[in-house]
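Sequences are here, hints too, so could you generate the full structure?
There are 2 protein chains.
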Amino acid sequence: MATRSRTPANDGDSNAAAGLLPAGLRDVLPPRAEWEAQASERLIASFTAQGYARVKPPLIEFEETLLAGSGQDLAGQMFRVMDPVSQRMMGLRTDITLQVARIAASRMKDAVRPLRLAYAGQVLRVRGTQLRPERQFAQVGVELIGADALAADVEVAVLAAEAVASLGVAGLSLDITQPLLAPAIIAAHGLDPKQAKAARRALDRKDAAELKAAGGAAAPTLLKLLALAGPAKTALEGLKKLKLPDAAAKIVGDLDKLVAEVSAAAPDLLVTLDPGEFRGFEYHTGIAFTLFARNVRGELGRGGRYVTPAGETATGFTLYLDSVMRALPPQAAPAMVYLPFGTPRSTAVKLRKDGHATWAALDQESTDMKKAAKAAGCSHWWDGKTVQPL
Amino acid sequence: MATRSRTPANDGDSNAAAGLLPAGLRDVLPPRAEWEAQASERLIASFTAQGYARVKPPLIEFEETLLAGSGQDLAGQMFRVMDPVSQRMMGLRTDITLQVARIAASRMKDAVRPLRLAYAGQVLRVRGTQLRPERQFAQVGVELIGADALAADVEVAVLAAEAVASLGVAGLSLDITQPLLAPAIIAAHGLDPKQAKAARRALDRKDAAELKAAGGAAAPTLLKLLALAGPAKTALEGLKKLKLPDAAAKIVGDLDKLVAEVSAAAPDLLVTLDPGEFRGFEYHTGIAFTLFARNVRGELGRGGRYVTPAGETATGFTLYLDSVMRALPPQAAPAMVYLPFGTPRSTAVKLRKDGHATWAALDQESTDMKKAAKAAGCSHWWDGKTVQPL
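As you go down the protein sequences, you meet chains S and R in turn.
Per the numbering used here, residue 1 is the first one in the first sequence, and the count goes up by one each step.
Per the numbering used here, residue 391 is the first one in the second sequence, and the count goes up by one each step.
Zero decoy hints are in this set.
25 Å max Cα-Cα, derived BS3-like pairs, lysine-lysine:
(1) Lys499/R / Lys371/S
(2) Lys257/S / Lys740/R
(3) Lys587/R / Lys614/R
Since the hints were derived computationally from the structure, they do not count as laboratory data.
Spelled out as structure tokens, the structure:
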């Protein structure tokens, strides 16, 4: 065999450490790359089982299309390249939701509503964050476009939890919020723009003292929103006791129905409510949620109601495959049968037909057969007559 | 429902036509996006069944890494972006083979050889070609690293054909070449560098007259190489009758063994040989091949032996998923059961447990139930008691 390597060695944990790959970008190795791909496909299978049809938008498109509407939020995170064909700037997608909305508004504009679409793909960002240092990661999700019924909100929330649970993730919690609730209360109390802004900032920081000072007439109710964050049932009991303006009362009524239906559909799911939350949900126009797993860093996914750039109401969610992978129970390496040098092809074909994965030696073994099989990462070997465990 | 669309309409066939997407980039819609993903996963499953383990390199990495060795060939096709973290240039990959070789030489340098790796992913190119106008397309393939036995060449050639055939593609042909054969003949006849260059150019153009004029003492043999292109068995019979220098005779002997083994393993495969071919195989260092399907435009894939930038011998192949999709027999749209508005969740759950995909109405139908079901793209509907075909 020829010389192996001219590339610098590393600690085996990260290419970035050796300067081989840029920070936040990485090679996914066996068996993890296979687990990731299978998890992604199983999530999509959960979605297609409920009528969501897969679409695949491109990794790159015109910058201005990617920056439409809420896309603007990630403008600073977008890699840009010049298109020599059109002489226009293109961007590498930072998110897939807006691309799906674009498809719904263009090539699928005549498709019947509600339109159920699913996707799985890579996104790229210019810089990582402290919580997610990765600059490339996979998003897997659905969009349900053109349905304003509460049943749509229930469907996507339950689907997100069910799909992740079907991978074997236990201890899931769904943290629900409705970013229009606090603004509805602020608006009804006639706060002036400066006061309203201060109150929102205080809520955003979850700073009760500041909220008390800044909230004016809305302060007592807003303080209750802060205090009620927690298990959804208790939070809703508290919310229903408040004297709320009509718009806010309607929101609470919908949350109440949603929580009841979600809990009925997914009894193992811990449902919490953060009624004062709107940070990170700026572009949501209704019920929104974040999915977590007990003892797993970072959110597994998030979703909620929004309006597409074309003006359609929609809801949906995105799962972050890297976080979902962290939540998975340990997986066993796949079984594989070592075929000693000279094993006839017909044997290999037969074993594969019987469902075995095979690993064929291509040269005469210079060592003990079992040792060679183990070194190759096999779990079994063919002794000439039967498959033997190693 | 809100206003549908502010984006320009198009012919329904292509976003590019409407200026919505850059030329050569496209949205893949249902059901094709699902078929594509499933074809990709089934190809990978064929590879893992023979011990190839999936790796997933990033979409972007340092330019200089992507341009190592044969990567230079696609330098003009690479989109480049500045990395604000390292202040170094990064490139969007135009190919995956070299990334896999990099993994083999870095994080997997201590893994036992032969190393069998598989991959599936998107690549991007600055410009399309006439044969492949797409600027983003999927590559699915394997690399077999560190095995110089002829058995390795046989394994990858048969695997490429078997994997594609397992998707239902018929009429496959494997066009084999050995780009070192003609140079071995040229070298043995002592042509001077200028003559050798002229002879190679004539071979490259398959121009017999020019070859006769330029080939000097090697001309008669080289003309035979040109003339013998065709079914492998006949070509080999002709080659074996030639008086060849030792290096060339060794190559012919190996080709003979390879063709015999490939034909035995894949009797339905049409095997052809183009003994004078080396165009497009400049970086190959041994047996190479191209896979075609009858009546399908463009090659489905190509592969062959090469040396990694780290100096290891390797062979492998890449399948182009867009070409493979063109070769697939027509597929049926997936079955889906329409659930009229108000169908209990328990019914939906039960149907999905029984293997049905469901599509739930979220609002009271304003029209005939069957009509609504058809409009939604369903093949069946739930009449309250059983699943009925539409």
